[in-house]
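Visitor: Work the whole structure out from these sequences, hints included.
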Amino acid sequence: MAKVKKYYAVVHGRAPGIYQNWDKKDGAQSQVNGYSGALYRSFATYKDAANWFREVSGGVEPRLIGSPSGTQLAQINDGLDYQKALKTGKAVIFTDGSSISNPGPGGYGTVILFQDQRRELSGGYRLTTNNRMELIACIMALRSLDKHADVLLYCDSRYVVNGISEGWAERWRSNGWVKADSKPVENSDLWGMLLEQTDAHNVELKWLAGHAGYKENERCDQLAQRAARGKYLQVDVGYEN
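Residues 1 to 241 in our numbering are what the sequence shown spells out, letter by letter.
If you're looking for bench data, these hints aren't it; they were derived computationally from the structure.
Mixed in with the good hints there might be a few duds.
Only pairs whose alpha carbons sit at most 30 Å apart, straight line, appear in this in silico DSS-like list of lysine-lysine [stated by the list, open to error]:
#	residue 1	residue 2
1	Lys47	Lys6
2	Lys215	Lys231
3	Lys183	Lys47
4	Lys179	Lys47
Keep in mind that this is a model prediction, so the values were computed, not measured.
Guide: In structure tokens, the structure reads:
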């Protein structure tokens, strides 16, 4: 019988990341033995290890340690085919968020397409973070829909896409906004608002690479950047408090 390949996800250790071996010189064991509060698990696939790492860490992208290049596995972006979605009556949404200096002044931008209609939304805040702006972009776009809708939403934040698609946010809400490591979930106020919108609509989230030449994604980035540098900025109460 072939030996099952294992990956070791180390969230709390000397060098957090995903390891391809346990007891070799660069293995996971040396990162957790004797480390107070070590948190790690083994998985049969890289995908499962990476998903657990992101969930427990609150969306941090893991490093793959022990590969020939010492970098993460390549992530493949699905091609965009939203014209078909529009023809079947779906609303198509693109979102982006950014924060200057992170934390710092921030903004969000959205492009909403439905049939032959197009709408753009944006807003700026005086003190916030990138992740909060990514979440707010999705929330504002979905709130703008007049009624229940089938939605295809493109977002370049894995933090947001995985939080919904992998079911992390649902589990966080069920657990009283506490992660698997017993630490509070960051941005729980916004995760709750986003779940309210995904409950109200039939939403399919898809990740796309940012700054990769996708026209509507680039437009969202322009809107977000402009809003972050605007003269009249709102207060992100959930962050400042």
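Visitor: Confirm or reject each hint.
Guide: Hints, one by one, checked against the model:
1. About 11 Å separates the Cα atoms of lysine 47 and lysine 6, which keeps this hinted pair within 30 Å; it holds.
2. A threshold of 30 Å between alpha carbons decides the hint, and for lysine 215 with lysine 231 the separation of about 26 Å falls inside it, so the pair holds.
3. A threshold of 30 Å between alpha carbons decides the hint, and for lysine 183 with lysine 47 the separation of about 23 Å falls inside it, so the pair holds.
4. A C-alpha spacing of about 19 Å is found between lysine 179 and lysine 47, which places the hinted pair at or below 30 Å, so the restraint holds.
Comparing the model with each earlier hint shows no violations; every hint is respected.
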